[in-house]
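Each chain, written out:
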Amino acid sequence: MKVLVAMSGGVDSSVAAALLKEAGHDVVGATLKLWGGASDSGCCSVSDVDDARRVAQLLNIDHHVFNYTEEFDRHVVAPFVADYAAGLSPNPCIECNRHIKFDLLFERAERLGFDAVATGHHAQVLPGPQGPRLVRGTDPAKDQSYVLGYLTDAQLRMLLLPIGHLHKSDVREHAQRIGLRTWDKPDSQDVCFIEASAGREAFLRSRIDLTEAELVDVNSGAVIGTTAAAELMTIGQRKGVLPDRHGEKRFVAKVELGARRVHVGRLEDIVTTAIALNQETVTFARESLTSGAKVWVQCSAHGTPLSGTLWRDDDWRIELDEPARPIAAGQSTVFYNYEEPSVVEGAAIVGR
Amino acid sequence: MHGVVGNPAGTHRAARLARRAIEEARDEIAALTAAKPGNVVFTAGGTESCTLAIAGVVRTHRRQHERSRIVISPIEHHAVLDAAAMVARQLDNVDVTTLRVDGDGVLDLSSLHEALEQPNVAVVSVMMANNETGVVQPVDAAAAMAQAAGVVSHSDVVAAAPWMDLSVVGASVDMISLCAHKLGGPVNAGALVLRRDITMDALAPGGGQEKGRRGGTVDVAAAVGLATALRLAAQDREATVRRVTALRDTLIAGVSDLGDVAVTGSAAVRLPGTVHLTFPGIASDELLFVLDEAGVCASAAAACSSGAVVASHVLDAMGMDPARARGSLRLSFGAETTSEDIAAVTALLRSAVTHLRADA
Numbered sequence: 001m002k003v004l005v006a007m008s009g010g011v012d013s014s015v016a017a018a019l020l021k022e023a024g025h026d027v028v029g030a031t032l033k034l035w036g037g038a039s040d041s042g043c044c045s046v047s048d049v050d051d052a053r054r055v056a057q058l059l060n061i062d063h064h065v066f067n068y069t070e071e072f073d074r075h076v077v078a079p080f081v082a083d084y085a086a087g088l089s090p091n092p093c094i095e096c097n098r099h100i101k102f103d104l105l106f107e108r109a110e111r112l113g114f115d116a117v118a119t120g121h122h123a124q125v126l127p128g129p130q131g132p133r134l135v136r137g138t139d140p141a142k143d144q145s146y147v148l149g150y151l152t153d154a155q156l157r158m159l160l161l162p163i164g165h166l167h168k169s170d171v172r173e174h175a176q177r178i179g180l181r182t183w184d185k186p187d188s189q190d191v192c193f194i195e196a197s198a199g200r201e202a203f204l205r206s207r208i209d210l211t212e213a214e215l216v217d218v219n220s221g222a223v224i225g226t227t228a229a230a231e232l233m234t235i236g237q238r239k240g241v242l243p244d245r246h247g248e249k250r251f252v253a254k255v256e257l258g259a260r261r262v263h264v265g266r267l268e269d270i271v272t273t274a275i276a277l278n279q280e281t282v283t284f285a286r287e288s289l290t291s292g293a294k295v296w297v298q299c300s301a302h303g304t305p306l307s308g309t310l311w312r313d314d315d316w317r318i319e320l321d322e323p324a325r326p327i328a329a330g331q332s333t334v335f336y337n338y339e340e341p342s343v344v345e346g347a348a349i350v351g352r
Numbered sequence: 353m354h355g356v357v358g359n360p361a362g363t364h365r366a367a368r369l370a371r372r373a374i375e376e377a378r379d380e381i382a383a384l385t386a387a388k389p390g391n392v393v394f395t396a397g398g399t400e401s402c403t404l405a406i407a408g409v410v411r412t413h414r415r416q417h418e419r420s421r422i423v424i425s426p427i428e429h430h431a432v433l434d435a436a437a438m439v440a441r442q443l444d445n446v447d448v449t450t451l452r453v454d455g456d457g458v459l460d461l462s463s464l465h466e467a468l469e470q471p472n473v474a475v476v477s478v479m480m481a482n483n484e485t486g487v488v489q490p491v492d493a494a495a496a497m498a499q500a501a502g503v504v505s506h507s508d509v510v511a512a513a514p515w516m517d518l519s520v521v522g523a524s525v526d527m528i529s530l531c532a533h534k535l536g537g538p539v540n541a542g543a544l545v546l547r548r549d550i551t552m553d554a555l556a557p558g559g560g561q562e563k564g565r566r567g568g569t570v571d572v573a574a575a576v577g578l579a580t581a582l583r584l585a586a587q588d589r590e591a592t593v594r595r596v597t598a599l600r601d602t603l604i605a606g607v608s609d610l611g612d613v614a615v616t617g618s619a620a621v622r623l624p625g626t627v628h629l630t631f632p633g634i635a636s637d638e639l640l641f642v643l644d645e646a647g648v649c650a651s652a653a654a655a656c657s658s659g660a661v662v663a664s665h666v667l668d669a670m671g672m673d674p675a676r677a678r679g680s681l682r683l684s685f686g687a688e689t690t691s692e693d694i695a696a697v698t699a700l701l702r703s704a705v706t707h708l709r710a711d712a
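Chains A and B, in that order, give the protein sequences. Per our numbering, the first sequence runs over residues 1 to 352. Per our numbering, the second sequence runs over residues 353 to 712.
Check before you lean on any hint, since a few could be wrong.
What the hints assert, rightly or not - Once the Cα atoms are required to be at most 25 Å apart in a straight line, the calculated SDA-like pairs of lysine to any residue come out as:
id, chain 1, residue 1, chain 2, residue 2
1, A, Lys2, B, Val642
2, A, Lys249, A, His167
3, A, Lys2, B, Asp637
4, A, Lys2, B, Asp460
5, A, Lys2, B, Ser651
6, A, Lys2, B, Thr706
7, A, Lys2, B, Cys649
8, A, Lys2, B, Arg709
9, A, Lys2, B, Arg702
10, A, Lys2, A, His165
11, A, Lys21, B, Thr706
12, A, Lys249, A, Ala293
13, A, Lys2, B, Ala650
14, A, Lys2, B, Leu700
15, A, Lys2, B, Asp644
16, A, Lys2, B, Gly502
17, A, Lys21, B, Val642
18, A, Lys21, B, Gly568
Unchecked claim - Pulled from the structure, derived: some chain A residues nowhere near chain B, Cβ distances all over 12 Å:
id, residue
19, Ala30
20, Gly36
21, Asn60
22, His64
23, Thr69
24, His75
25, Gly113
26, Asp139
27, Ala141
28, Leu159
29, Ser220
Source of the hints: derived by calculation from the structure; they are not laboratory data. No residue lacks a Cβ here, since even glycine has one placed at the ideal position from N, Cα and C.
Kindly produce the complete structure, drawing on both the sequences and the hints.
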């Protein structure tokens, strides 16, 4: 098979390419240049491209650099900034996977005559009764099925995930055994286009006006503090909110940008069983997921799945079995099969 | 070259042999570039030559004459752009004025006229022909204007050198930067050729070699390689230019009916060996991929340090629509290119463009 491997320069995609080559496929590596601005490392720096290119040389496969900086700006960075300005809490990695890695790269791979696209994600594509299904990676600590929740059936049919059945330690061992320079490279962290030293706030502040706001206790109505950037206060977050006078933790309950007010409360004040879904962003892996179906819902990359019921009537939503911290609008939820909790059923962005 | 191992700066027999090889190369290069024999400074290539020309002159002129402005065209190679930016960043009171080009990528001489009205210009740099588009620039006119204003002129002739007689074209420019590999010679071999005595600070003064303009032991093989490449290019130049121009035009004619294809700088005089085409609706990355798989080494604009195809500052300066610029393809030919090569590339390009457009 002729396979295009998306190589980030990290150990996972390096080993993915190596395994495909060892299996006898006609493998070509491609590194996506996504961000033209300053960054720590992430997916876009010159040294990562150098790593990917050197790994490709060692594997004796061709390597190309595809420039998607403009598309990345349009599909990922601009919506990221706009979402914050609109009071949402976006997840740019999800958007990048969806629009760049899976839409644009898959289309390009097809045009260029590839049979399949491979990535180094820790997840698996396994045969199911109605075609291929996306399944959690074997290593529970590294599972990345959450960020792949928006893949369509057609994309799953063209996708190879060569390391999804391996534990991270096995991946590193394999890399070391075949002499890849990336074998002990640290895992990438956080958003690739934001420098850790400057942070999200500095990144946003250079692009939009951030709102100073008061923090108000939902019970007493007392002003307990201020924030320099209400846009960065996410519903459910505890960071930046002082405990009350009894030492009880307080969380963000509601953000009102217009009124310059952030409501905070104790856990019992904010927990909810309802997650509203944005209908336009719902992607179902299987249409059998009908209204009233029981699902497991995961709300962050490595969050604990919560059980609930998916409703697809007038207001699309998930009703959780147990109250949980609320999920901010703009975040992604991924649904897993109730009977087979490792199988992805679909995904949606949380609405208001 | 065999057996020449001495340090040319030494006093022994081996040194004399090395020195002689260098001086013969220097004489030959001077004769082919309208320079006095002593005024050829050997460097490690075009980038170093351009950097020496810009930084060396500005440092001296800023100190001695309070002239500290660098005037450059917007379509210069990064060898010049980045040298100018570096000096402006490192030294107080050094500023860069960037000129304008028209829609065909030809220097707008009125913008040079305006720039030279500023009192503190130290150096003007306009390339002889652009490396991406092949568009030839009015360097003699620019040099005359600089001279009238008492300003040192420089031209990066790297792209033009295989195709133009440097003893005639641009002969009035004060300094030209050359490299051997574009002429079929070795890489890391170049020279800064001076047409008159110009004082400049060395970038690395070292042991005062090259009349204090470039420290370090001169690379004998590189110097001889550059002289030889320049001589060979001059030998059959007229016939080669005629033949390659015809090949270039055959290729253009062979793709012109593909629909919405344009030759960049089509109304300007262009080098025979470069053709820059745009195919809106196709990503350069994909076109290059298909050509590469078929064994054709082409490029889009210039490669950035990551190896990605990046938006071209040259096309941007020409005011080209970014959507058109994204579908760029630059093909280069040399003296060895045959009509069979052109026919094969034309056929490949036709099928690639049709296929990639149909699927887009």
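Okay, the hints, checked on the actual structure:
no. : hint                : verdict
1   : A:Lys2 x B:Val642   : holds (14 Å)
2   : A:Lys249 x A:His167 : violated (36 Å)
3   : A:Lys2 x B:Asp637   : holds (18 Å)
4   : A:Lys2 x B:Asp460   : violated (50 Å)
5   : A:Lys2 x B:Ser651   : holds (24 Å)
6   : A:Lys2 x B:Thr706   : holds (22 Å)
7   : A:Lys2 x B:Cys649   : holds (21 Å)
8   : A:Lys2 x B:Arg709   : holds (22 Å)
9   : A:Lys2 x B:Arg702   : holds (24 Å)
10  : A:Lys2 x A:His165   : holds (21 Å)
11  : A:Lys21 x B:Thr706  : violated (31 Å)
12  : A:Lys249 x A:Ala293 : violated (34 Å)
13  : A:Lys2 x B:Ala650   : holds (23 Å)
14  : A:Lys2 x B:Leu700   : holds (21 Å)
15  : A:Lys2 x B:Asp644   : holds (16 Å)
16  : A:Lys2 x B:Gly502   : violated (62 Å)
17  : A:Lys21 x B:Val642  : holds (21 Å)
18  : A:Lys21 x B:Gly568  : violated (47 Å)
19  : Ala30               : violated (9 Å)
20  : Gly36               : violated (8 Å)
21  : Asn60               : holds (16 Å)
22  : His64               : violated (6 Å)
23  : Thr69               : violated (8 Å)
24  : His75               : holds (15 Å)
25  : Gly113              : violated (8 Å)
26  : Asp139              : holds (30 Å)
27  : Ala141              : holds (31 Å)
28  : Leu159              : holds (19 Å)
29  : Ser220              : holds (54 Å)
In terms of the numbered hints stated before, the structure departs from hints 2, 4, 11, 12, 16, 18, 19, 20, 22, 23 and 25, listed from lowest to highest.
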